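If you're matching them up, the sequences are chains A and B in order.
Just so it is clear: in the first sequence, position 94 is 127 by my numbering, and no numbers are missing.
Just so it is clear: in the second sequence, position 19 is 112 by my numbering, and no numbers are missing.
Think of the hints as simulated: they come from the structure by calculation, not from any bench.
A few of these clues could be false.
Beta-carbon label-pair distances, calculated as ranges [to be verified]:
hint	chain 1	residue 1	chain 2	residue 2	range
1	B	Asn-132	A	Glu-78	19 to 27 Å
2	A	Arg-101	B	Gly-158	33 to 41 Å
3	A	Ala-148	B	Arg-265	47 to 55 Å
4	B	Met-119	A	Gln-154	53 to 61 Å
5	A	Ser-69	B	Gly-158	26 to 34 Å
6	A	Thr-102	B	Asn-180	45 to 53 Å
7	A	Arg-101	B	Arg-265	23 to 31 Å
8	A	Ser-69	B	Thr-148	41 to 49 Å
Here the structure is a predicted model, which is why all the values come from computation and not from measurement.
All C-beta atoms in this analysis are idealised placements derived from N, C-alpha and C, irrespective of residue type, glycine included.
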Amino acid sequence: MEWAFADDRPIYAQIVEQIEMGILSGECPAGSALPSVRALALEAEVNPNTVQRAFLELESLGLVRTHRTSGRTVTEDGELVMAVRRRTAQGRVERFLADMRSLGFDAAQAVSLLAEAAGQQGCSVLGSEPKDVR
Amino acid sequence: MDALLDVRGVTKRFGNTVALEHVDLMLGPGRIVGLLGPNGSGKTTLVKLVVGLLTPTQGSVAVAGMPVGTQTKRLVSYLPDRTCFDNRMKVRDCVGLYADFYEDFDIAKAKEMLAALGIEGRAAFRSLSKGMKEKVQLALVMSRKARLYLLDEPIGGVDPAARDYILETIIRNYFEEGTVVISTHLIADVETVLDDVVFLRDGRVERVSSVDAIRESQGKSVDQVFREVFRCC
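Just chain A, with the same shape it has in the complex (with noise of 0.2 Å):
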């Protein structure tokens, strides 16, 4: 994983984005085992109690078990996981609309501008036939 960090927040929370996205994106599949503490902080080059802060919140999400002997994983809560991926899109739907309504678009023209620009991908939406991709 490439680690950049932003400076208007945490860095914990930065790592907990970060990892996050790795789980729901498939990069850090279901069951598969986490670096250590010391591990991580070495690779994005911060503080281990950093590190060992943004484990302890992924773990109170449920996205990560930490085993006695075996260190740390991700999660097989397929479940969970689908619930976490679906308030991440809606968070980056609703940051989309306002971001819409910034630019004098209301929800209607927002979702029919959605519709085109997938509709030029090939994507079939709000009941329109997908368009013939070659």
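For chain A, the structure is supplied; the task is to place chain B on it using the hints.
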């Protein structure tokens, strides 16, 4: 009291110059702390008071509950802001010096770190580049199993690859009971490895905070906040 470092009401004057004024500071174990401030703000003076190279004009400094003295030197591993080895020494003499002086020195670890740098024991210390000298000293300092590590300007003008090596060495060797204090004015270089920051200004402690708290409350990096606080310095 489980304060690892306890600085109380410390003032340090050099003649008419006040280097530190009424400094109170407590640090617990298991933290990496940035001692930050512009040049001349008193960072090196504070570090030297904790090491015992200077004595306070007023106030007291204690490490692990003991006043600074012979006993606390066992607990404190210090990286000075300048080279502390004699130019006639070979690298293995430097290692030997540390092994003789400090019972918590892990000679195997030091040799391993020097080998990783590609430095041979028979090399003359003076033949090393400035950056390499700094790395050798850091390797020796971090090869001790101390309670308190005081690193005075560990990245004073070295190249970015050397900076990465230095941070990596600190992360790799840091352990739960130890606390590492990094004195620097190059905040952006060290910010991601810090738990807490202490801002010094004109010999006074301006602010003590966790890095997370600054980022959370201000929505900015410590480096940005520091630049704003010290804008006209």
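- [ ] Could you tell me which of the numbered hints above are not met by this structure, giving the numbers in increasing order?
- [x] Structure breaks no hint.
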